[in-house]
Amino acid sequence: MSLLWLVLLPVVGGLLALPLRDRGARWVALGALAAALALVCAVWSAGDGGRVADLSLAWLPQMGIRLHLALDGISFVLIVLTLVLGLLAVLASWTEIRERVGFFHFNLLWTLAGIVGVFLALDLFLFFFFWELMIVPMYLLIAIWGHENRTHASFKFFLFTQAGGLFLFVAILGLVFVHQQATGELTFDHDRLLDTPMSEGVAFWLMLGFFVAFAVKLPAFPLHTWLPDAHTEAPTAGSLVLAGLLLKTGAYGLLRFAIPLFPQASATFAPYAMALGVAGILYGAVLAFGQRDLKRLIAYTSVSHLGFVLLGLYAWNEMALQGVVLQMVAHGLATGGLFVLVGMLSERTHTRDLEKLGGIWDVAPRLGGAGMVLVMAALGLPGLGSFVAEMLILFGTFRVAPVMTALATLGLVCATIYALWIVQRTFHGENRGGWSFADLRAREAGVLAALIGALLWLGLYPQPVFDVARAALASLQGVVSGGHS
Amino acid sequence: MNGTDLVALGPLLALGAAAVVTLLSIAVRRHQRATATIAGLGLVAAACALPAAADVAPRQVTALVRIDDFALLYIGLFLAAAFATIVLAHDDLRRRAEPHREEFHVLVLLSTLGACVLATSTHFASFFLGLETSSVALYALIAYPRSGPAHAEAGLKYLLLAGASSAFLLFGMALVYADLGALSFDGFAAALLAGRGTPALVWPALALVVAGASFKLAVAPFHMWVPDVYQGAPAPVTGFLATVSKGAVLAALLRLFVALGGVERPVVVWTFGALAVTSMLAGNLLALSQRSLKRLLACSSVAHLGYVLVAFLAAAPVALEAVTWYLVAYFVTTLAAFGVVTVLAGGDREADALDDYRGLFWRRPWLAALLTGCLLSLAGIPLTAGFLAKFYALAAGTSEARWALVVALVVNSALSAFYYLRVVVAMAAPAPAAAPARRVPLGAGVLLAVLALLLVGLGVYPAALTALIRATATALS
Numbered sequence: 001m002s003l004l005w006l007v008l009l010p011v012v013g014g015l016l017a018l019p020l021r022d023r024g025a026r027w028v029a030l031g032a033l034a035a036a037l038a039l040v041c042a043v044w045s046a047g048d049g050g051r052v053a054d055l056s057l058a059w060l061p062q063m064g065i066r067l068h069l070a071l072d073g074i075s076f077v078l079i080v081l082t083l084v085l086g087l088l089a090v091l092a093s094w095t096e097i098r099e100r101v102g103f104f105h106f107n108l109l110w111t112l113a114g115i116v117g118v119f120l121a122l123d124l125f126l127f128f129f130f131w132e133l134m135i136v137p138m139y140l141l142i143a144i145w146g147h148e149n150r151t152h153a154s155f156k157f158f159l160f161t162q163a164g165g166l167f168l169f170v171a172i173l174g175l176v177f178v179h180q181q182a183t184g185e186l187t188f189d190h191d192r193l194l195d196t197p198m199s200e201g202v203a204f205w206l207m208l209g210f211f212v213a214f215a216v217k218l219p220a221f222p223l224h225t226w227l228p229d230a231h232t233e234a235p236t237a238g239s240l241v242l243a244g245l246l247l248k249t250g251a252y253g254l255l256r257f258a259i260p261l262f263p264q265a266s267a268t269f270a271p272y273a274m275a276l277g278v279a280g281i282l283y284g285a286v287l288a289f290g291q292r293d294l295k296r297l298i299a300y301t302s303v304s305h306l307g308f309v310l311l312g313l314y315a316w317n318e319m320a321l322q323g324v325v326l327q328m329v330a331h332g333l334a335t336g337g338l339f340v341l342v343g344m345l346s347e348r349t350h351t352r353d354l355e356k357l358g359g360i361w362d363v364a365p366r367l368g369g370a371g372m373v374l375v376m377a378a379l380g381l382p383g384l385g386s387f388v389a390e391m392l393i394l395f396g397t398f399r400v401a402p403v404m405t406a407l408a409t410l411g412l413v414c415a416t417i418y419a420l421w422i423v424q425r426t427f428h429g430e431n432r433g434g435w436s437f438a439d440l441r442a443r444e445a446g447v448l449a450a451l452i453g454a455l456l457w458l459g460l461y462p463q464p465v466f467d468v469a470r471a472a473l474a475s476l477q478g479v480v481s482g483g484h485s
Numbered sequence: 001m002n003g004t005d006l007v008a009l010g011p012l013l014a015l016g017a018a019a020v021v022t023l024l025s026i027a028v029r030r031h032q033r034a035t036a037t038i039a040g041l042g043l044v045a046a047a048c049a050l051p052a053a054a055d056v057a058p059r060q061v062t063a064l065v066r067i068d069d070f071a072l073l074y075i076g077l078f079l080a081a082a083f084a085t086i087v088l089a090h091d092d093l094r095r096r097a098e099p100h101r102e103e104f105h106v107l108v109l110l111s112t113l114g115a116c117v118l119a120t121s122t123h124f125a126s127f128f129l130g131l132e133t134s135s136v137a138l139y140a141l142i143a144y145p146r147s148g149p150a151h152a153e154a155g156l157k158y159l160l161l162a163g164a165s166s167a168f169l170l171f172g173m174a175l176v177y178a179d180l181g182a183l184s185f186d187g188f189a190a191a192l193l194a195g196r197g198t199p200a201l202v203w204p205a206l207a208l209v210v211a212g213a214s215f216k217l218a219v220a221p222f223h224m225w226v227p228d229v230y231q232g233a234p235a236p237v238t239g240f241l242a243t244v245s246k247g248a249v250l251a252a253l254l255r256l257f258v259a260l261g262g263v264e265r266p267v268v269v270w271t272f273g274a275l276a277v278t279s280m281l282a283g284n285l286l287a288l289s290q291r292s293l294k295r296l297l298a299c300s301s302v303a304h305l306g307y308v309l310v311a312f313l314a315a316a317p318v319a320l321e322a323v324t325w326y327l328v329a330y331f332v333t334t335l336a337a338f339g340v341v342t343v344l345a346g347g348d349r350e351a352d353a354l355d356d357y358r359g360l361f362w363r364r365p366w367l368a369a370l371l372t373g374c375l376l377s378l379a380g381i382p383l384t385a386g387f388l389a390k391f392y393a394l395a396a397g398t399s400e401a402r403w404a405l406v407v408a409l410v411v412n413s414a415l416s417a418f419y420y421l422r423v424v425v426a427m428a429a430p431a432p433a434a435a436p437a438r439r440v441p442l443g444a445g446v447l448l449a450v451l452a453l454l455l456v457g458l459g460v461y462p463a464a465l466t467a468l469i470r471a472t473a474t475a476l477s
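Chains A and B are the protein sequences, given in the same order.
The first sequence finishes on residue 485 if you use the working numbering, and the numbering steps up by one all the way, no holes.
The second sequence finishes on residue 477 if you use the working numbering, and the numbering steps up by one all the way, no holes.
Watch out, some of these pointers could steer you wrong.
[Claimed, not checked] Under 8 Å between C-beta atoms, here's a sample of chain A residues computed to sit facing chain B:
no.: 1; residue: L133
no.: 2; residue: A143
no.: 3; residue: F155
no.: 4; residue: L159
no.: 5; residue: F169
No wet-lab data here; the hints were simulated from the structure.
Just so you know, even glycine gets a beta-carbon here, dropped at the ideal spot from N, CA and C.
Start from the sequences, fold in the hints, and give me the full structure.
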């Protein structure tokens with residue numbers, strides 16, 4: 001039952017926060033997330049490192065739908081990331097959000113509940129349930145509390161993810177009915193659907209349905225166009241959750257469902273998926289340094305970083321997969337941190353325009369220093385988490401696809417350019433805007449210090465993450481190679 | 001006819017008696033609250049007759065009607081919807097300060113009676129009788145308020161088009177009789193299977209029947225009347241029209257096509273498939289540009305009937321389950337949505353323009369939350385009944401591997417989210433300075449709370465309804 005509570009805590013917290021004003025809502029949100037964090041750590045530490053908790057209750061038994069939640073290493077890492085970033089999102093919007101505070105935290109907590117549910121669900125119907133559940137509150141976060149162009153951006157976000165989600169749903173239904181025809185058993189359970197016998201053509205189309213939905217969220221190269229708009233227009237907490245967490249649900253979906261359910265079809269498709277990954281890496285990076293809007297720039301870097309995830313996933317060996325898990329965490333922390341930083345900056349300057357910013361370092365050295373470290377994390381400087389992750393992905397991929405890897409490495413060069421561009425335009429140079437404002441307050445400094453500390457830890461001693469994820473990754477790989485034989 | 005037959009007919013008899021008693025009570029004394037109470041009690045009495053009827057079901061009573069679990073489930077649904085309509089209309093009529101408000105409730109009872117007969121009909125005669133009883137009462141209901149020309153216009157439009165569609169239907173039935181000498185569904189099916197039909201007569205006959213029914217269901221291309229009538233009718237009547245009247249025709253069609261079973265399946269599939277796709281597209285594309293909530297819901301109902309037809313086309317047990325699930329969810333959602341529209345009306349006008357909903361979240365948070373729930377349910381978002389409904393429609397489509405229909409449904413579903421969300425965003429916009437709002441009356445408040453619970457309850461715990469439907473669906477197939 002504790003797994004159910006993991007989802008219910010944010011849900012209940014959201015309901016409690018709904019009627020509250022200002023401080024009350026913020027503290028309730030913090031309390032609910034902290035309680036969930038404590039709970040997930042307790043559940044994990046009580047287990048042995050495999051699938052430590054497994055909950056399966058009848059939900060709609062007539063259709064073979066069960067309330068099946070399970071926690072393994074990958075889920076654990078991602079849920080901890082979710083809850084930590086959730087806490088930081090509440091802290092980051094402490095002064096930014098002043099209107100309808102209760103409703104804001106309700107939406108934030110329900111989005112997080114949906115994301116936690118996605119990372120826990122092992123019933124495909126339940127998975128889709130959570131998948132869709134997180135879209136509406138996220139949409140409201142952008143549409144109500146976003147910046148100038150929020151209506152357009154929120155619609156685009158909703159339509160892309162909703163359309164992708166429905167293709168996923170059709171693919172799930174298709175898989176379930178293929179399974180029913182082959183075995184006579186109507187079930188949505190991931191574990192039972194794993195070895196569904198089906199023809200190559202059917203498998204390919206179903207796999208494509210899963211892939212499209214996850215690729216929209218990831219976002220993979222041609223399906224990414226919602227992302228720059230949504231990230232740019234969302235409030236800080238929204239950008240943090242979008243970049244740090246929502247994108248990871250796409251990667252998680254590929255890792256947990258799309259590839260293990262259709263190993264053969266995925267192997268056939270791998271070169272194309274990897275090509276899309278490389279295209280995303282280069283395209284995102286090139287577009288990033290064409291941007292004037294700081295948030296938009298960071299949004300494009302996400303396209304680039306998640307390209308590495310796609311590349312590593314379809315390489316499908318242990319080294320690449322470990323890199324993928326670490327990249328998800330590191331990208332969540334680094335990019336999330338950058339969005340938080342931009343939020344703090346634009347709260348003070350009311351602009352995100354690189355042409356107007358400049359010379360901030362002199363005005364606010366602590367802000368500048370933190371920005372420097374986060375930008376270095378984004379470009380993959382050794383000693384910070386992203387470096388380890390991207391190197392592992394490239395090493396892992398090189399064995400499978402050397403040409404792709406070589407091309408992807410160019411992305412690192414581009415990353416250096418746009419990262420330095422950010423530092424130069426924002427923090428260095430002449431103070432053209434005549435800026436003068438207070439440096440980081442204690443709360444803000446605490447948020448950024450926590451993110452930077454975590455990135456340093458991942459960069460210097462990533463072993464704990466590998467240990468946690470190892471058993472889960474090994475079992476996924478076992479499933480897939482079992483399918484090959 | 002014997003005593004058991006009377007028990008089986010109990011719900012219909014109680015409903016008919018309720019209409020007469022209500023009418024007589026008006027003759028004794030005009031009192032709006034008392035009349036509404038009597039009509040409501042009549043519906044409750046009819047509902048109380050359901051368990052007794054279920055004990056003797058299934059039972060064919062005369063050649064015309066068959067009381068089985070399927071019919072009883074639909075009757076229960078119609079009674080509940082009629083009850084909701086009466087509760088909402090009570091509030092609406094009081095606001096309008098019309099003279100002679102009492103007959104409204106009699107008309108609701110009569111229209112419901114017609115709908116219940118449709119759900120039980122196994123014969124073209126009872127099909128037609130039920131349809132006309134239901135429609136004639138609706139003409140008057142739509143044009144009931146005499147405060148402006150819009151209501152009369154809507155009533156007249158519905159009268160003319162429904163009259164034309166009845167003529168189609170009747171002509172189709174006449175052709176069936178001319179060719180096969182059978183009017184019962186089973187006789188029709190048996191004659192067709194025996195190969196006695198003349199194709200030149202039977203196919204036009206079926207086409208006319210389907211066209212006539214399509215008018216009532218408002219599936220494209222027979223949907224032209226919907227936006228005007230939905231907008232012109234008082235909001236509680238619109239809710240009734242959208243749910244009971246359409247649900248009844250669908251129930252009768254289900255019976256007819258389950259009886260026809262395997263007869264010329266490909267032609268049936270192509271016909272209804274084409275109707276489904278055109279409805280989805282027409283409804284959603286029309287809804288995109290509406291500035292009125294009632295017209296928007298009207299267009300969305302066209303699309304939803306298209307989704308239902310996808311479920312309708314699956315094999316018998318799956319189709320029955322999916323269609324019924326969809327209808328129940330649609331009933332709850334639509335009644336709740338029009339309930340919100342009803343109670344938001346103020347002064348002498350209804351809250352219809354989208355601008356009336358601007359900032360509703362900050363003025364009337366509970367009503368805005370319920371309306372949001374309804375719109376999300378219509379869009380098929382989780383935690384609402386509509387999500388499970390859409391799941392059933394898609395599952396029914398995939399079970400027959402009708403990928404074209406499934407993809408059409410998916411694309412339209414994404415398209416439809418666009419205009420539902422426009423309303424949600426309008427409600428979340430900053431509130432303009434607004435006139436003081438009318439309090440929600442107790443009856444309507446309780447009703448809306450129950451509907452809200454059902455809306456979420458069905459979305460979170462669907463197993464109970466599925467078990468109920470599954471128990472009844474076996475009655476037909």
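We went through each hint and held it up to the structure:
| no. | hint | in the structure |
| --- | --- | --- |
| 1 | L133 | holds, 5 Å |
| 2 | A143 | holds, 5 Å |
| 3 | F155 | holds, 7 Å |
| 4 | L159 | holds, 6 Å |
| 5 | F169 | holds, 6 Å |
The earlier numbered hints are all upheld by this structure, with none contradicted.
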